[in-house]
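Colleague: Each chain, written out:
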Amino acid sequence: MSTTFIEGSIAVAKTVAVSRPHVISAYPITPQTHIVEHLSELVANGELKSEFVNVESEHSAASVVLGSSATGARTYTATTSQGFLLMIEVLFNIAGMRLPVVMTCVNRAVSAPINIWNDQQDSMTARDSGWIQLYAEDNQEASDMHLQAFKIAENKDIMLPVMVCMDGFVLTHSFDPVELISQEQVDKFLPPFKPEYYLTPKNPLTFGTLVGPDGYMETRYFIEKTMHASLQVISDVAADFHNQFGRFQGGLIDTYKVEDASLVLVAMGSIIGTIKDIVDELRAKGQKVGVLKVRSYRPFPKDEIYKALNHVKEIAVLEKAVSLGYGGILVNEIKSVFYGKPKTPKINGFILGLGGRDITVDTIHQTIKETVKASSEEKFIGLNEALIGGK
Amino acid sequence: MNNDTNFKRYLKLDLLPTPWCPGCGNGIVLKTICQAFDELDLPKNGTVVVSGIGCAGRSAGFFDLDSVHTAHGRAIPVAEGIKYANDALNVVVVSGDGDLIGIGGNHLFQAIRRNTNITVICYANEIYAMTGGQVSPITPHNTKTLTTPNGNPDRPADIQFLFKSNNCFFARTTAYHLNHMRKCIVEALKFKGFSFVEARTMCIVNYGRRLGYKNSNEMLLHYKEFYKINDYAEALAENEIGIIKSAPRSSDGFPSA
Numbered sequence: 000m001s002t003t004f005i006e007g008s009i010a011v012a013k014t015v016a017v018s019r020p021h022v023i024s025a026y027p028i029t030p031q032t033h034i035v036e037h038l039s040e041l042v043a044n045g046e047l048k049s050e051f052v053n054v055e056s057e058h059s060a061a062s063v064v065l066g067s068s069a070t071g072a073r074t075y076t077a078t079t080s081q082g083f084l085l086m087i088e089v090l091f092n093i094a095g096m097r098l099p100v101v102m103t104c105v106n107r108a109v110s111a112p113i114n115i116w117n118d119q120q121d122s123m124t125a126r127d128s129g130w131i132q133l134y135a136e137d138n139q140e141a142s143d144m145h146l147q148a149f150k151i152a153e154n155k156d157i158m159l160p161v162m163v164c165m166d167g168f169v170l171t172h173s174f175d176p177v178e179l180i181s182q183e184q185v186d187k188f189l190p191p192f193k194p195e196y197y198l199t200p201k202n203p204l205t206f207g208t209l210v211g212p213d214g215y216m217e218t219r220y221f222i223e224k225t226m227h228a229s230l231q232v233i234s235d236v237a238a239d240f241h242n243q244f245g246r247f248q249g250g251l252i253d254t255y256k257v258e259d260a261s262l263v264l265v266a267m268g269s270i271i272g273t274i275k276d277i278v279d280e281l282r283a284k285g286q287k288v289g290v291l292k293v294r295s296y297r298p299f300p301k302d303e304i305y306k307a308l309n310h311v312k313e314i315a316v317l318e319k320a321v322s323l324g325y326g327g328i329l330v331n332e333i334k335s336v337f338y339g340k341p342k343t344p345k346i347n348g349f350i351l352g353l354g355g356r357d358i359t360v361d362t363i364h365q366t367i368k369e370t371v372k373a374s375s376e377e378k379f380i381g382l383n384e385a386l387i388g389g390k
Numbered sequence: 000m001n002n003d004t005n006f007k008r009y010l011k012l013d014l015l016p017t018p019w020c021p022g023c024g025n026g027i028v029l030k031t032i033c034q035a036f037d038e039l040d041l042p043k044n045g046t047v048v049v050s051g052i053g054c055a056g057r058s059a060g061f062f063d064l065d066s067v068h069t070a071h072g073r074a075i076p077v078a079e080g081i082k083y084a085n086d087a088l089n090v091v092v093v094s095g096d097g098d099l100i101g102i103g104g105n106h107l108f109q110a111i112r113r114n115t116n117i118t119v120i121c122y123a124n125e126i127y128a129m130t131g132g133q134v135s136p137i138t139p140h141n142t143k144t145l146t147t148p149n150g151n152p153d154r155p156a157d158i159q160f161l162f163k164s165n166n167c168f169f170a171r172t173t174a175y176h177l178n179h180m181r182k183c184i185v186e187a188l189k190f191k192g193f194s195f196v197e198a199r200t201m202c203i204v205n206y207g208r209r210l211g212y213k214n215s216n217e218m219l220l221h222y223k224e225f226y227k228i229n230d231y232a233e234a235l236a237e238n239e240i241g242i243i244k245s246a247p248r249s250s251d252g253f254p255s256a
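Protein chains in written order, with numbering that gives the first Met the number 0: chain A, 0 to 390; chain B, 0 to 256.
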């Protein structure tokens, strides 16, 4: 293993490459492009024996990996934002056909108006698609998570696609020291993909055929059941990874100074790093604050979150997405964790950082102040008052 | 070419400069479109511009006209929606080859089938430039791009034959052949039915420089030396630009039987 100072996208591409995908297909879209450009380079110079398919849209990219995966090939694609939305139809198909495709969703805001900067609205919009969704905190984790993703997806008891979500620009375009994993080590961790069911003339199968009211509901039931089963697999794979590589970035969740905390901030993705700094700062002043990272968003680890937070008085959920007409998405689910439990903490939700709006140390301090002061409520933080006709 | 500056009335001059790189040919196409609008004296309150995503897609906002910046590849159906809702409007699509021929390719084919009376101007730079230089549907065979580091294994789309299928208007021109480009756009705008102008334009930053062109002017000179004008030909050869010949049409704009 060697530490390299490397761009997040390139680290991810290198990890995908040593995972030995047979087929990669993608369409250019900012800020995903560096990942697939680097993969096409590795294929072109012979370092990676894969088919790299340039296609005419993300819908086609997702369809190409669907087809390849159905033949028993290990496949990979990556996209973001509008491209991700265009893929959604096929994403449901991939999950419904139980194909263990791995993709990167580089998180970016959604149009209109066009905005190429980071928030997490794109992947959150596909939370119900049957894909396992993991969110990376930093580039080391984003890179490692892809290797774990293949292992989770291809587990014969799971056979569901996995999406690694990483914040656009904040992670993809920033340079960090990353420990890259060698081919030899990967081969020890990730066995070759040997599906039980795949397209072969020796044993003809049909994928995705018409199923009527007599059988459709059971397909959803089994995916839901598998999602619950995958909670254990995601934890196990993270533990295996820890054993072999010595790094642990959390299984379903990760916590930082939560054990004795009275106030905990809950979030997903790159914002976690900033929050940890603030936690350290406030701890030094004697404030009992902690942070909980939701690493697996689907399946949603209700029990782990409850176990970690049941002693806490106040929770602030910080999220870079919104369900228009309801409000925060993650906050709703964190609240549901405490439904029917003997004690419910005060839970405040904050929507911030949409369309790349800076999340500064001050922004996060503000969420803590609001949580301490206000009763349970949800609000946008960091709005430009001049643009909304405010005071 | 006259030096008349009347064409500027179609532009939001206060938004200039455009976001395009130094040496980009898009400004030439944008200006020529406005000159063609001016030549036909298109009413500003009766003309709508629709664009997709990409460098060329940024054009829509620079016209001092009603405009829509659509999702990637969807400029043509959005333009058709506008035209079907209000037939009195001149509806012009301005976008790139990746947008119109790549991701939106099916819409192009269907609009030809419907022969919708709109005009499409394609800034054809042979590359996905906005995202940094990936292979496009009209990148020539064997050409190196960031996603085809060993050369493009695929053949470029030659879309003129799609237009022949329903007797629609197709022209190819270049950013070097200014008078010809203007003539093509004017004729496309006058055409009753679906019209398309493939305007070859240079991207030096994310395409040409990687192919050995020292500057954008060298790319222009390539257009000058490579392309010959062959207007009203049955079909255009690879090194020809021009308006392809149209069969006689009936009053509704469809080919006469």
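Just so you know, these hints were derived from the structure itself, not from any lab. Don't be surprised by glycine CBs; every beta carbon is placed ideally from N, CA and C. Treat the hints loosely; a few may be bogus.
To be verified - To give a feel for the contact side, a few chain A residues facing chain B, derived at Cβ under 8 Å:
1) Ile28
2) Ser56
3) Gln81
4) Ile113
5) Asn114
6) Asp259
7) Ser261
As the list claims (entries may be wrong) - List time: in silico SDA-like cross-link candidates among lysine to any residue, alpha-carbon distance up to 20 Å:
8) A:Lys48 with B:Gln109
9) B:Lys143 with A:Glu40
10) B:Lys143 with A:Asn44
11) A:Lys284 with A:Lys372
Said to hold, decoys possible - Some chain B residues near chain A, calculated using beta-carbon distances under 10 Å:
12) Gly22
13) Gly26
14) Gly97
15) Phe108
16) Gly132
17) Pro136
18) His140
Colleague: So, Gly97 of chain B near chain A? Judge it on the closest CB pair being under 10 Å.
Modeller: Result: holds, 8 Å to nearest chain A Cβ.
Colleague: Please verify that hint: Ile113 of chain A, Cβ, nearest Cβ of chain B, below 8 Å or not.
Modeller: holds, 7 Å
Colleague: Hey, does the Phe108 of chain B contact hint survive, CB to chain A under 10 Å?
Modeller: Violated: closest Cβ of chain A sits about 12 Å from Phe108 of chain B, beyond 10 Å.
Colleague: Verify the interface restraint on Asp259 of chain A: the C-beta must sit less than 8 Å from at least one C-beta of chain B.
Modeller: violated, 48 Å
Colleague: Any CB of chain B closer than 8 Å to the CB of Ser261 of chain A?
Modeller: Result: violated, 46 Å to nearest chain B Cβ.
Colleague: Hint check: Lys284 of chain A vs Lys372 of chain A, CA-CA at most 20 Å. Holds or violated?
Modeller: holds, 18 Å
Colleague: Regarding the hint that Gly132 of chain B lies at the interface with chain A, is the smallest CB-CB distance below 10 Å?
Modeller: holds, 9 Å
Colleague: Are the Cα positions of Lys48 of chain A and Gln109 of chain B separated by 20 Å at most?
Modeller: violated, 38 Å
Colleague: Need the status of pair Lys143 of chain B, Asn44 of chain A: alpha-carbon distance at most 20 Å?
Modeller: holds, 13 Å
Colleague: Using 8 Å as the Cβ threshold, decide whether Ser56 of chain A counts as touching chain B.
Modeller: It holds, given that the least Cβ distance between Ser56 of chain A and chain B is near 4 Å, below 8 Å.
Colleague: How about Gly22 of chain B: closest beta carbon in chain A under 10 Å, or not?
Modeller: violated, 21 Å
Colleague: Less than 10 Å between beta-carbons is the criterion; does Pro136 of chain B satisfy it with respect to chain A?
Modeller: Hint holds; Pro136 of chain B Cβ to chain A Cβ min 6 Å, cut 10 Å.
In terms of the numbered hints stated before, the structure departs from hints 5, 6, 7, 8, 12, 13, 15 and 18, listed from lowest to highest.
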